[in-house]
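Chemist: One line per chain: the protein sequences are A and B, in this order. Each residue of the first sequence is one higher than the one before, starting from 1 at the first, in the UniProt record's numbering. Each residue of the second sequence is one higher than the one before, starting from 1 at the first, in the UniProt record's numbering.
Be aware that a few hints might be false.
Claimed, not checked - Which chain B residues face chain A? A few, computed with CB under 8 Å, are given here:
#1 T81
#2 N84
#3 H115
#4 N119
#5 Y143
Said to hold, decoys possible - Heads up, simulated DSSO-like pairs for lysine-lysine below, C-alpha to C-alpha not over 30 Å straight-line:
#6 B:K74 with B:K141
#7 B:K197 with B:K34
#8 B:K74 with A:K88
#9 B:K89 with B:K74
#10 B:K11 with B:K197
#11 B:K188 with B:K132
#12 B:K188 with B:K74
#13 B:K33 with B:K132
#14 B:K197 with B:K118
#15 B:K235 with A:K169
#16 B:K34 with B:K80
#17 B:K118 with B:K80
#18 A:K169 with B:K74
#19 B:K120 with B:K74
#20 A:K169 with B:K188
#21 B:K141 with B:K80
#22 B:K188 with B:K33
#23 A:K88 with B:K11
#24 A:K169 with B:K80
#25 B:K118 with A:K169
#26 B:K80 with B:K11
#27 B:K120 with A:K169
#28 B:K14 with B:K33
#29 B:K89 with B:K121
#30 A:K169 with B:K14
#31 B:K34 with B:K11
#32 B:K34 with B:K120
Hints in this document: simulated from the structure, not taken from any laboratory. Idealized CB from N, CA, C, for every residue including glycine.
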Amino acid sequence: MSAKVIRGFVYLSAAITFGMLGYVIFFILINGVRFLTPDLFAWNSTSENVSMMPAIITTLYVVGGTLLITTPIGVFTGFYLVEYANRKNPIVKAVSMATDTLAAVPSIVYGLFGFLFFVTFLSFRLSLIAGILTSVIMSLPLIIRATEEALVSTGRPIREASYALGAGKLRTIFTVVLPVAMPGILSGVILATGRVIGETAALLYTLGSASNIPGDLFSSGRTLALHMFVLSNEGFHVDQAYATAVVLLLFVLILNGLSTLVSARLSKGGK
Amino acid sequence: MSTPTYKMEVKDLKLWYGDFQALHGLDLAIPDKKITAFIGPSGCGKSTFIKSLNRMNDLIETCRIEGTIELDGKNIYDHKTDVNQLRKKVGMVFQQPNPFPKSIYDNIAYGPRTHGIKNKKELDEIVERSLKQAAIWDEVKDYLDRNALSISGGQQQRICIARALAVGPEVLLMDEPTSALDPISTAKIEELVSDLKSEYTIVMVTHNMQQASRVSDETAFFLNGHIIEHGDTRKIFTNPDQEETENYISGRFG
Chain A
1 MSAKVIRGFV YLSAAITFGM LGYVIFFILI NGVRFLTPDL FAWNSTSENV
51 SMMPAIITTL YVVGGTLLIT TPIGVFTGFY LVEYANRKNP IVKAVSMATD
101 TLAAVPSIVY GLFGFLFFVT FLSFRLSLIA GILTSVIMSL PLIIRATEEA
151 LVSTGRPIRE ASYALGAGKL RTIFTVVLPV AMPGILSGVI LATGRVIGET
201 AALLYTLGSA SNIPGDLFSS GRTLALHMFV LSNEGFHVDQ AYATAVVLLL
251 FVLILNGLST LVSARLSKGG K
Chain B
1 MSTPTYKMEV KDLKLWYGDF QALHGLDLAI PDKKITAFIG PSGCGKSTFI
51 KSLNRMNDLI ETCRIEGTIE LDGKNIYDHK TDVNQLRKKV GMVFQQPNPF
101 PKSIYDNIAY GPRTHGIKNK KELDEIVERS LKQAAIWDEV KDYLDRNALS
151 ISGGQQQRIC IARALAVGPE VLLMDEPTSA LDPISTAKIE ELVSDLKSEY
201 TIVMVTHNMQ QASRVSDETA FFLNGHIIEH GDTRKIFTNP DQEETENYIS
251 GRFG
């Protein structure tokens with residue numbers, strides 16, 4: 001009897017989850033697809049065509065720039081924390097705790113910090129560089145934690161095997177542990193990418209909302225998510241905002257597919 | 001009969017994990033090119049002891065050691081000892097087969113590559129020789145590029161033995177190498193170990209007393225961090241000097 005109730009509850013929960021996801025996707029597609037006109041992909045964005053092409057390019061800039069900085073720092077910090085740091089050291093404890101806390105901070109807080117520090121204090125103004133650096137701070141904890149978890153889950157036995165063959169720590173970490181941890185690290189990187197692509201609040205105050213492709217690091221721009229936010233906020237191009245959402249959704253779906261593919265390919269092991 | 005030569009000599013070895021003393025002043029001489037078995041109940045210190053012979057205990061932060069262990073007359077706990085060179089000479093096989101998630105070839109070649117061998121032909125020769133020594137060449141020679149995790153547990157353990165042999169050790173430590181395996185794989189590994197003693201000094205921890213009596217030349221009986229009795233295997237199993245040894249062997253505890 002109780003097993004039936006529990007099973008029913010499980011099915012219901014699953015149905016609600018899938019139902020909501022399905023509803024959101026369906027709603028966006030219905031309202032957006034029919035407004036996907038060639039105009040929306042023009043190289044120059046004007047207040048008439050509200051093209052999202054510059055926003056797509058800017059999104060790639062921001063994501064690329066962010067990953068370029070955050071991946072090495074995050075991965076190496078994760079390595080340090082798991083492989084080298086003495087867990088009882090108060091500084092290490094503080095870094096670990098800061099990482100956990102930062103991961104839970106709402107993005108608007110990052111936005112305000114970025115605004116006060118990069119935009120105002122360092123006088124970067126609303127710019128690509130301020131947006132990228134803010135995204136770096138925001139995505140760093142995700143990558144650090146993913147790296148830590150991936151490294152810890154590789155376990156003792158293969159490390160012992162390597163040490164017992166006379167391999168040093170560096171060789172053990174880079175030739176034995178790293179390949180095993182790679183899928184986990186990569187999925188952290190992809191998760192961080194997703195977070196940056198979907199971010200609005202933190203970028204609104206740092207990257208700004210200029211409608212064309214930023215010419216250099218110190219010019220303002222807007223990512224797809226920001227473009228959509230601005231369009232729906234102004235209220236003149238709500239249909240185009242939905243069309244933008246369709247493209248954004250596509251990006252996220254492709255990214256998720258990529259993540260699954262990459263970890264499946266890598267965890268097969270082989271050579 | 002010639003007088004036995006000793007490969008390793010342990011003198012007054014004490015070992016602590018934090019405040020807990022696991023080994024209480026052990027003395028033991030390990031004869032060259034013979035098989036020495038360690039038996040005793042769980043938690044008696046035999047695994048801890050075997051891991052101190054190639055300094056694997058260094059990996060445990062709280063572990064502290066006093067006393068000396070000599071390999072060919074040189075103290076391995078001397079601060080001048082290169083631990084990686086020590087582990088090249090004193091190889092180890094673990095309880096659970098632990099191949100790397102790489103191809104069989106790369107598993108065997110890992111050790112030699114670590115110690116600087118890059119020549120493909122030389123590596124090929126080492127891989128073939130090691131796999132033959134570990135009696136698994138015929139089973140895997142056509143699948144060397146297959147992932148080592150895709151073969152059976154018994155085969156994996158022989159891959160691990162081959163991997164340990166590939167770096168050219170002088171001593172081979174085996175920590176309950178068959179406890180995770182089925183009887184047929186166990187028999188294969190016992191046979192293999194007997195074949196290996198013409199070239200290697202072997203130290204083996206085992207829970208299985210029949211195994212110790214079948215395979216080893218000398219046996220040491222451990223209890224609560226002490227070596228209660230050590231000597232010729234036949235004597236230990238037929239006519240032990242100590243009452244505790246007799247009790248353990250006859251199955252009265254442990």
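Chemist: Taking the hints in turn, state whether each one holds.
Modeler: For each hint, the structure was consulted:
1. T81: Constraint on B:T81 not satisfied, violated at 12 Å.
2. N84: At 4 Å from the nearest chain A Cβ, B:N84 passes the 8 Å test, so the hint holds.
3. H115: Check passed: Cβ of B:H115 comes within 6 Å of chain A, closer than 8 Å.
4. N119: 18 Å, violated
5. Y143: 12 Å, violated
6. B:K74 with B:K141: The hint is violated at about 39 Å.
7. B:K197 with B:K34: 6 Å, holds
8. B:K74 with A:K88: 35 Å, violated
9. B:K89 with B:K74: 13 Å, holds
10. B:K11 with B:K197: 24 Å, holds
11. B:K188 with B:K132: 13 Å, holds
12. B:K188 with B:K74: Roughly 34 Å separates the two Cα atoms, so the pair is violated.
13. B:K33 with B:K132: 19 Å, holds
14. B:K197 with B:K118: Holds, because 29 Å separates the two Cα atoms, which is no more than 30 Å.
15. B:K235 with A:K169: Violated, at about 43 Å.
16. B:K34 with B:K80: 28 Å, holds
17. B:K118 with B:K80: Within the cut-off at roughly 28 Å; holds.
18. A:K169 with B:K74: OK: A:K169 and B:K74 at ~24 Å, within 30 Å.
19. B:K120 with B:K74: Violated, at about 34 Å.
20. A:K169 with B:K188: 33 Å, violated
21. B:K141 with B:K80: 41 Å, violated
22. B:K188 with B:K33: This hinted pair holds, its Cα atoms lying about 20 Å apart.
23. A:K88 with B:K11: 34 Å, violated
24. A:K169 with B:K80: Answer holds: A:K169 to B:K80 is near 18 Å, not above 30 Å.
25. B:K118 with A:K169: Holds: B:K118 and A:K169 sit about 20 Å apart, inside 30 Å.
26. B:K80 with B:K11: It holds: about 19 Å lies between the C-alpha atoms, which stays within 30 Å.
27. B:K120 with A:K169: OK: B:K120 and A:K169 at ~25 Å, within 30 Å.
28. B:K14 with B:K33: 26 Å, holds
29. B:K89 with B:K121: It holds: about 23 Å lies between the C-alpha atoms, which stays within 30 Å.
30. A:K169 with B:K14: 26 Å, holds
31. B:K34 with B:K11: Given that 30 Å is the threshold and the Cα spacing comes to 20 Å, the pair holds.
32. B:K34 with B:K120: 33 Å, violated
Of the hints listed earlier, those the structure fails to meet are numbers 1, 4, 5, 6, 8, 12, 15, 19, 20, 21, 23, 32, in rising order.
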